[in-house]
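Sequence lines, in order, name chains A and B.
Residues 8 to 673 (my numbering) are what the first sequence spells out, left to right.
Residues 87 to 446 (my numbering) are what the second sequence spells out, left to right.
It is worth saying that the hints were derived from the structure and are not from the lab.
Keep in mind that a hint or two might mislead.
To be verified - Counterexamples of contact, computed for chain B against chain A with all Cβ distances above 10 Å: (1) R106; (2) E128; (3) D147; (4) R173; (5) E203; (6) R206; (7) G210; (8) M211; (9) G217; (10) R251; (11) S279; (12) G283; (13) R310; (14) S394; (15) Y421.
To be verified - For each label pair, taking beta carbons as the anchor points, the in silico distance ranges come out as: (16) D313(B) <-> L319(A): 47 to 57 Å; (17) T185(B) <-> L210(A): 48 to 58 Å; (18) T185(B) <-> R214(A): 51 to 61 Å.
Stated by the list, open to error - Residues on chain A that point at chain B, a partial pick, calculated with CB under 10 Å: (19) V219; (20) A222; (21) A223; (22) A237.
For each residue, glycine too, the CB sits at the ideal point set by N, CA and C.
Below are the chains, spelled out letter by letter.
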Amino acid sequence: MASPLFRWLLLFLFCLALVLASPFLPWLAAFPQGWTLPLADVLNTWALPVFDILQGPGRALAAGLDLPLRGLRAALEWLPWPALAGIVVLLALRASGWQLAVVAIIAQAGIVAGGYWPQAMNTLAIVLMSLPPAVLIGFALGAAAHRWPRIEPATVAALDVMQTLPAFAYLIPLLILFGFGPAPGLVAGVVFAVPPMVRNTILGLARVPAEVVEAAQMCGATSGQLFWLAKVPAARSQLLVGVNQTVMASLSMVIIVAVIGGFNDIGWEVLSAMRGAELGRSLMSGLVIVAMAILLDRITLGFASPGRTTILGQKKFRIAFGAFVIAGVVTRLILPEVTFLPDALGRNLARSIDATLMDFVVATGPFFAALRDGLNYGLMLPLRIGLLGAATPTVWGFTLMPWMIAAYAIVFAGGAFILWRRTPTLAIAILFVGLALATGITRFPWPGVVAMALVAAWASGGPRLFAMTSGALGLIIFGGLWAAFTQSAYLTALAVVLCVLIGGALGLLAAENDRASAILRPINDALQTMPQFVFLIPALMLFRVGEFTALIAIMLYAIVPPMRYVEHGLRNVSPALVEAAVQMGATRSQLLWQVKLPLARPVIRLGINQTIMAAISMLVIAALVGTRDLGQQVFIALGKADLGLGLVAGFAIALLALIADRLLRD
Amino acid sequence: MPETDQNSIDRHRNVKLQCRNVWKVYGPRPDYYFDAKGYRIEPELLAARLTAEGHLPALIDASFDVHEGEIFVIMGLSGSGKSTLVRCLSRLIDANHGTIQLDGQDLLAATPRELIEIRRHKMGMVFQSFGLLPHLTVLENTAFPLKLQGMGLAEREARAREMIRLVGLDGREASYPSQLSGGQQQRVGIARSLAVGPDLWFLDEPFSALDPLIRRQMQDEFLRLQDQLKKTIVFITHDIMEACRLADRIALMRNGRIIQIGTPAEILLSPADEYVAEFTAEVALARVIRAGDLAVAAPMSEATAEISADQPLEALMSKIGAGHRHFRVLPAGRYPGGYVAADRILAVLGHEAATLAEVG
Ligand SMILES: Nc1ncnc2c1ncn2[C@@H]1O[C@H](COP(=O)(O)OP(=O)(O)OP(=O)(O)O)[C@@H](O)[C@H]1O
Ligand SMILES: [Mg+2]
Chain A
8 MASPLFRWLL
18 LFLFCLALVL
28 ASPFLPWLAA
38 FPQGWTLPLA
48 DVLNTWALPV
58 FDILQGPGRA
68 LAAGLDLPLR
78 GLRAALEWLP
88 WPALAGIVVL
98 LALRASGWQL
108 AVVAIIAQAG
118 IVAGGYWPQA
128 MNTLAIVLMS
138 LPPAVLIGFA
148 LGAAAHRWPR
158 IEPATVAALD
168 VMQTLPAFAY
178 LIPLLILFGF
188 GPAPGLVAGV
198 VFAVPPMVRN
208 TILGLARVPA
218 EVVEAAQMCG
228 ATSGQLFWLA
238 KVPAARSQLL
248 VGVNQTVMAS
258 LSMVIIVAVI
268 GGFNDIGWEV
278 LSAMRGAELG
288 RSLMSGLVIV
298 AMAILLDRIT
308 LGFASPGRTT
318 ILGQKKFRIA
328 FGAFVIAGVV
338 TRLILPEVTF
348 LPDALGRNLA
358 RSIDATLMDF
368 VVATGPFFAA
378 LRDGLNYGLM
388 LPLRIGLLGA
398 ATPTVWGFTL
408 MPWMIAAYAI
418 VFAGGAFILW
428 RRTPTLAIAI
438 LFVGLALATG
448 ITRFPWPGVV
458 AMALVAAWAS
468 GGPRLFAMTS
478 GALGLIIFGG
488 LWAAFTQSAY
498 LTALAVVLCV
508 LIGGALGLLA
518 AENDRASAIL
528 RPINDALQTM
538 PQFVFLIPAL
548 MLFRVGEFTA
558 LIAIMLYAIV
568 PPMRYVEHGL
578 RNVSPALVEA
588 AVQMGATRSQ
598 LLWQVKLPLA
608 RPVIRLGINQ
618 TIMAAISMLV
628 IAALVGTRDL
638 GQQVFIALGK
648 ADLGLGLVAG
658 FAIALLALIA
668 DRLLRD
Chain B
87 MPETDQNSID
97 RHRNVKLQCR
107 NVWKVYGPRP
117 DYYFDAKGYR
127 IEPELLAARL
137 TAEGHLPALI
147 DASFDVHEGE
157 IFVIMGLSGS
167 GKSTLVRCLS
177 RLIDANHGTI
187 QLDGQDLLAA
197 TPRELIEIRR
207 HKMGMVFQSF
217 GLLPHLTVLE
227 NTAFPLKLQG
237 MGLAEREARA
247 REMIRLVGLD
257 GREASYPSQL
267 SGGQQQRVGI
277 ARSLAVGPDL
287 WFLDEPFSAL
297 DPLIRRQMQD
307 EFLRLQDQLK
317 KTIVFITHDI
327 MEACRLADRI
337 ALMRNGRIIQ
347 IGTPAEILLS
357 PADEYVAEFT
367 AEVALARVIR
377 AGDLAVAAPM
387 SEATAEISAD
397 QPLEALMSKI
407 GAGHRHFRVL
417 PAGRYPGGYV
427 AADRILAVLG
437 HEAATLAEVG
């Protein structure tokens, strides 16, 4: 058996040979179209007849779902908004306190003033409708996995796929089954919102202290009593965290699902505003989503926190709640036509914001355009098509001379040679980076990528990961998605590297400086609560449609984990060790680089892992602002209701995310 | 009957709980070693083989009787298998081999339904880290076992209040466990375990999580309670002083084996081996051994003073100093009484001085 280092060196030589050979063998750089298999078509011919049969029951179910949803929407529409808003404020008071109540008042006043109250209520109606089934199914699955530990691994694996499979991919079968309308969105919301409930149920039940369980057993509890009277109440607060995450997942999904349209909700509002390039409107509706997300999150989290002390007792809460409902009903009965909503205010506001923003964008346009073009030509293009591709008269304004190539090769080979003695791993990494920068990520010979992925999978995950990786690569290569895949890989890699550098630096700052930490924490909180969709808006505003915009949107979403984990890892290094190092006379920077960072490595690694997962999950949504990657393929499939293509591309993304996760886990 | 009982003063009482040749083994396939019926297991050989084949024998061939109304203390260092033993007795875990009988009924053969009934009426258990339900108040926690039995609200709360008064927590009925101190939480644990009126009471290191002063106070209260209630008790501890204070008899455990069973005085005065001797060396004999432990039945006509059998030897020292040489020992508690000579007392305490000198 060759040593790992030797194996990677061989692999490098293999890739180098491929690169050198590719000018003569064009099939090495791009996978030939003629070699692909019609996977998507095969899927379509097999699956569509099945769906035809299922369509009848599906449509019936959709109609059944539609009815209560209509009822809920009608009720939320019928009650005057001040009554509903009052109830939300009451919930905020009871869940948390004055601060949250004030936030609720301001947020709702903003929604009303902006003119988005009806749309917000429609979105809320779908979220509320998806909640009971998601919570019940999730709880039942979690309880089953707890009861029969043997099914737990399979359950968790299924959850991983459910959460990494891009939403648009399973929207296609849902669309075919349920037809257009709110039903597919509702079902997609449920599917997406079930996993966090399952995970929290499993976790909560497993964390019930053994002695509590044993004490209940010794009191003579039957197994049913043990579960319902001891375990479930003892796990209550974890279960409520599950409900909180379920609400957030459902909201995020319901907004994404708006792309299929047909429902006057806030997601559609953002989307149509973005399509019409109405900056003010898209920004305002985006803010409405943020406001809703924050309110839903803080209120449900408040109810979940175990040591909650409330300033509003149960009894007072009930009376006030009843008072608001009755006042609302009475008002509506007396004044059946009045909406109490200001109509002109919001539109005018949007228009004036639009104008201001336009001015701002026009004024700063040259700056942001320069930034975009600079990064585009200086960084993204060479990464994508390589120095060999970029250094041409049309792009960089000069032709690559042989001596330049030689110098480039010497710099990298020399660097690797010097490093070989001390850190051979780094030396090999440098060789690979040099090669990849020369050809560009998207033009790297595909057999080399396949070989690298398979070797890495075998080395870190054994036969199972190897099989999984082969499956994913097979799906991509023979499904004709190689070009889209390399685009995804390049976009993800770039976003992750930038996020880790920038986010890591910020996290480091926050770990060393309390003021920075206090400033960054609420920003992180806000970024984490926002539905992914919202990140598109500022990126689109400043940089227009294009790959760069997608990159910015992905980074906005994926930058939180490195910040969080780096700070957390550094701050949680055992104080005893830090004291010991200080006592030995370590300077502050020695302390950081030689003690804290090495000790925080496992946590930071987990953060990088999370960054990759976040970036991949954002790929599909970023496709809305124009990319050429796998996400775009899924999106195209959605537009054509092409079940096969959607599933192949969707599963490719899901598998990539899972493989990246497993590869980096240990 | 096996030799473990030969020196017991409780021989005349009924056996409440009988435990014979009980084994508990952790590992990949523990039952494989016990499925052959009929042949005699050689404990040491089997234990060695289990260890060699990657198993952990946590409980090796445990046999003993617990008599009605007795405080039976199981004592040993951390990891010696005490919790494993008491969990086998209460069937929270299933022993791999052996028999356990409660009032002559085979516990290991009880069906789940029967087991629930036994636990609802005959057994109570107190846990080291209390095991209180965090979402219930003191009152609800105490009433919990009664609720499980389907008792009506008013009745069970009345009973729970009675128990809460018994452990001295009245006034805190509406508090949640997180609002109580450790000692108070354990009182709730005790009240809850007593609510169903069990005859057999298991306590797994009930006071270990408490600080020394509170622990001492809880021990006194425990003795006071037992004076009223007269339960049959299996009490686990790793603290030799606690064992000596509370026990009628002590079973000493090491590495899954019971290495000696006897009254505190027997264990202190005639340790079975070096290990036990070392273990007990720190104990101040004058405080732990009582007059009744040394009393003999044969009358001594020259007795010049009287003393209650449950007095520690310490209390006799002043009388010996005053010149008394022989004492009449009056019956008290479990001690029948009799006579004791000062020479015998001094010999025992001298023995302690000698051991101390050895260790030091
Ligand atoms: N579920 C289990 N699986 C494997 N080994 C176990 C298990 N439970 C206990 N053991 C082992 O059995 C041995 C006895 O454990 P036990 O809990 O009975 O000790 P103990 O005397 O109660 O100690 P302590 O004073 O720390 O509570 C220990 O070596 C322990 O590691
Ligand atoms: Mg224990």
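Now for the hints, and whether the structure bears them out:
1. R106: Label holds. Min Cβ-Cβ 23 Å, cutoff 10 Å.
2. E128: holds, 33 Å
3. D147: D147(B) clear of chain A: closest Cβ-Cβ about 25 Å, beyond 10 Å.
4. R173: Given a closest Cβ separation of 8 Å, the condition is violated.
5. E203: Answer for E203(B): violated, closest chain A Cβ roughly 7 Å.
6. R206: violated, 3 Å
7. G210: Answer for G210(B): violated, closest chain A Cβ roughly 7 Å.
8. M211: violated, 4 Å
9. G217: violated, 3 Å
10. R251: holds, 20 Å
11. S279: violated, 8 Å
12. G283: Answer for G283(B): holds, closest chain A Cβ roughly 13 Å.
13. R310: Since the minimum Cβ distance to chain A is about 23 Å, R310(B) lies beyond 10 Å and the statement holds.
14. S394: S394(B) clear of chain A: closest Cβ-Cβ about 37 Å, beyond 10 Å.
15. Y421: It holds; Y421(B) is separated from chain A by about 33 Å at its closest Cβ, greater than 10 Å.
16. D313(B) <-> L319(A): 47 to 57 Å: The hint (47 to 57 Å, Cβ to Cβ) holds, given that D313(B) and L319(A) are roughly 49 Å apart.
17. T185(B) <-> L210(A): 48 to 58 Å: violated, 40 Å
18. T185(B) <-> R214(A): 51 to 61 Å: violated, 36 Å
19. V219: Interface hint status for V219(A): holds (5 Å vs cutoff 10 Å).
20. A222: holds, 3 Å
21. A223: Holds, about 7 Å.
22. A237: With a minimum Cβ separation of about 6 Å from chain B (threshold 10 Å), the hint on A237(A) holds.
Of the numbered hints stated above, those contradicted by the structure are hints 4, 5, 6, 7, 8, 9, 11, 17, 18, listed in ascending order.
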